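Novice: Sequence:
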Amino acid sequence: MINLLELSGRPKNKLVQLALDLAKVKQDKLQWPMMIAEKIDGVYCVAHKTNKVTIYSRTGEVYTSMQHIESLLYDLLDNNELIIFEACGPMGTPQSTVSGWARDTKEQHPELMAGCHDILQLSEFINGGRTPYKERYEDLKARLEFYRRGCTKGTYWSVFLIKHNWVKSLDRAKGFAEDIISGGGEGAVLKNPEGLYAPGKRNQDIIKIKQGVSFDLEVLYVQEGKGKYTNTVGTLVCKWKDGRTIDISGMTDEQRHKWWNGTEIIVGKIVQVDAMCLSSKGLLREPRFKGIRYDKSKGDF
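Going from the sequence shown to the working numbering is simple: count from 1 and add 43.
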């Protein structure tokens, strides 16, 4: 096992390349065609092999709850190669539940699956890429297809390829994302087929297309609920701009009870909050708790 943070020399919030929001993209600079895939509502993972496979979070912590995935990826990787995947659960599993399973240090979670979308040499992960994304994707696709031929169906579905398609315009890309969103999905990820891996960066080589807006907010305190949420957390009260606060819902019952009985677990943490849009009063419309941002110590405001 290696320490990815020490080896890279980067801070934990700059360890991996992440997607840039479409709103921040210089759209006239995009070159078509591009590759596009569904955005999986899961947990970002990096699997590295040095005689054994170790799975890391996007901030460099080691995940120990996915030994079944470690075993399956072992046959796909050579030493000092990495596969980047989204850990996800059965259809309909909340992202917060998937995150809890991934971070569990006591139990194994065979219900977790790996949606694979990139493969790299360790040297590329540390120093920057040399291989265009379209070649990395085809390499990953070929390995997974070869792997599937030697596995039972049940085993195969624990590790799968996130299929990418080609689009020739931004309108087509938006339409692809809208179809996913209308079906209850998260959105889409658009990729430059010639893009090289850029560790610690957010650039136009990887673009996320999602519905609504997203912010990372500090939890100030918890507020008791009403009705079925009496004697448990009703909302998380989060710091907003201009001295205001936002009440956030969307937590699981398990999270509500856990944080009500131990407020120190959540108060002061940074949480991701997704919403439909900003209201005319500058507040969030239909804000929902998405998950704890373990890679951040400061909120957006």
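Keep in mind the hints are simulated off the structure, nothing from the lab. Careful, some of the hints might be misleading.
Below, computed lysine-lysine pairings styled on DSS-like, alpha-carbon distance capped at 25 Å [said to hold, decoys possible]:
id : residue 1 : residue 2
1  : K301      : K67
2  : K69       : K149
3  : K149      : K95
4  : K269      : K217
5  : K55       : K67
6  : K324      : K282
7  : K57       : K211
8  : K149      : K211
9  : K217      : K206
10 : K95       : K69
11 : K95       : K72
12 : K269      : K55
13 : K251      : K184
14 : K282      : K339
15 : K341      : K57
16 : K269      : K312
17 : K184      : K67
18 : K282      : K253
19 : K217      : K72
20 : K301      : K72
21 : K251      : K206
22 : K341      : K67
23 : K55       : K324
24 : K312      : K284
Please read all numbers here as calculations on a predicted model, not as lab measurements.
Novice: The structure should be examined with respect to each hint, and the outcome stated for every one.
Specialist: Results for each hint:
1. A distance of roughly 37 Å separates the Cα atoms of K301 and K67; the hinted pair therefore is violated under the 25 Å criterion.
2. Simply put, K69 and K149 have alpha-carbon atoms about 45 Å apart, too far for the 25 Å limit, and the pair is violated.
3. This hinted pair checks out: K149 and K95 have alpha carbons roughly 20 Å apart, not beyond 25 Å.
4. For the hint pairing K269 with K217, the CA-to-CA distance comes to about 40 Å; that exceeds 25 Å, so the pair is violated.
5. At most 25 Å may separate the alpha-carbon atoms for a hinted pair to count; K55 and K67 meet this at roughly 23 Å.
6. Of the pairs offered as hints, the one joining K324 and K282 holds, with about 16 Å between alpha carbons and a cut-off of 25 Å not exceeded.
7. A C-alpha spacing of about 31 Å is found between K57 and K211, which places the hinted pair above 25 Å, so the restraint is violated.
8. Between K149 and K211 the alpha-carbon distance is near 47 Å, which puts this suggested pair outside the 25 Å criterion.
9. A threshold of 25 Å between alpha carbons decides the hint, and for K217 with K206 the separation of about 17 Å falls inside it, so the pair holds.
10. For the given pair, K95 sits about 41 Å from K69 by alpha-carbon distance, which is inconsistent with the 25 Å threshold.
11. Straight-line distance between C-alpha atoms of K95 and K72 comes to about 42 Å, which puts the hinted pair past the 25 Å bound.
12. Simply put, K269 and K55 have alpha-carbon atoms about 39 Å apart, too far for the 25 Å limit, and the pair is violated.
13. The straight-line distance between the Cα atoms of K251 and K184 is roughly 22 Å, inside the 25 Å bound, and the hint therefore holds.
14. Between K282 and K339 the alpha-carbon distance is near 15 Å, which keeps this suggested pair within the 25 Å criterion.
15. Restraint check for K341 and K57: the C-alpha separation of about 15 Å stays at or below 25 Å, so the hint holds.
16. Taken as a hint, the K269 and K312 pair is honoured in the structure, with Cα atoms around 24 Å apart against an allowance of 25 Å.
17. In summary, the hint linking K184 to K67 is not supported, as the alpha carbons are separated by about 30 Å, beyond the 25 Å threshold.
18. For the suggested pair K282 and K253, the alpha carbons sit about 23 Å apart, so the restraint of at most 25 Å is met.
19. Between K217 and K72, the direct Cα distance comes to roughly 16 Å. Compliance with the 25 Å bound is thereby established for this hinted pair.
20. Proximity of K301 to K72 is assessed by CA-CA distance (about 47 Å); at most 25 Å being required, the pair is judged violated.
21. A hinted pair counts as satisfied when its Cα atoms are at most 25 Å apart, and K251 with K206 qualifies at roughly 16 Å.
22. A hinted pair counts as satisfied when its Cα atoms are at most 25 Å apart, and K341 with K67 qualifies at roughly 21 Å.
23. The straight-line distance between the Cα atoms of K55 and K324 is roughly 35 Å, outside the 25 Å bound, and the hint therefore fails.
24. Between K312 and K284, the direct Cα distance comes to roughly 17 Å. Compliance with the 25 Å bound is thereby established for this hinted pair.
The structure fails hints 1, 2, 4, 7, 8, 10, 11, 12, 17, 20, 23 (numbered hints given earlier, in ascending order).
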